[in-house]
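Based on the provided sequences and hints, a complete structural model is requested.
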Amino acid sequence: MVSETERLEVVKIIHDAIGWALTKDVDRLFSIVGRVEDFFIYHPDSKSTIVGFDAFKALGERVWMRDEFRATDFAVKDLRLTFAELGNAAWYSCFLDDHAEWNGKPTGWDNCRWTGTLEKRAGQWVIVQMHFSFAKDD
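With my numbering, letter number 1 in the sequence shown gets 120, and the count goes up by one each step, no holes.
The hints are simulated quantities; they were obtained by calculation from the structure and are not laboratory data.
All C-beta atoms in this analysis are idealised placements derived from N, C-alpha and C, irrespective of residue type, glycine included.
It cannot be assumed that every hint is accurate.
Result set (DSSO-like, lysine-lysine): computed pairs, CA atoms no more than 30 Å apart in a straight line [as the list claims (entries may be wrong)]:
#1 Lys176 to Lys239
#2 Lys131 to Lys224
#3 Lys196 to Lys131
#4 Lys224 to Lys196
#5 Lys176 to Lys224
#6 Lys224 to Lys255
#7 Lys131 to Lys143
#8 Lys166 to Lys224
#9 Lys143 to Lys166
#10 Lys143 to Lys176
#11 Lys131 to Lys239
#12 Lys143 to Lys224
#13 Lys166 to Lys196
#14 Lys131 to Lys176
Simulated restraints on C-beta separations [unchecked claim]:
#15 Arg181 to Leu205: 33 to 41 Å
#16 Arg147 to Leu200: 17 to 25 Å
#17 Gly223 to Ala203: 38 to 46 Å
#18 Lys224 to Lys166: 14 to 22 Å
#19 Arg185 to Met120: 39 to 47 Å
#20 Met120 to Ala174: 30 to 38 Å
#21 Gly223 to Met120: 46 to 54 Å
As structure tokens, then:
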């Protein structure tokens, strides 16, 4: 059983996984993701899959930390959060709006499906995997 304080900490981590970009607080971002090779992110396109913390860090430096990139706003909607019985893992799902500008031109996602898993490693909650997708109905 996890405490309400711990649950709120995990909710903040989920929000900060996107919200860090508003101030480009890359130290916060890198402190809340697993610094391991089994960390991964599936993006809606197959060419943007990230495997390992080093690849994630390189993406951040190559894209998000550039002057051309400016995050403008985000919203986490309908967040569902579940903790494992042992209290050392959690998983979430939500819808994400995530907006930015690249060279002043708007870009971003609306109603992206976002899921992820966190583990408590060395006493600290970290995100170990994320998956972003869009519903595609025929």
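**Study point:** Indices of hints not satisfied (ascending)
**Key:** Every hint satisfied by this model.
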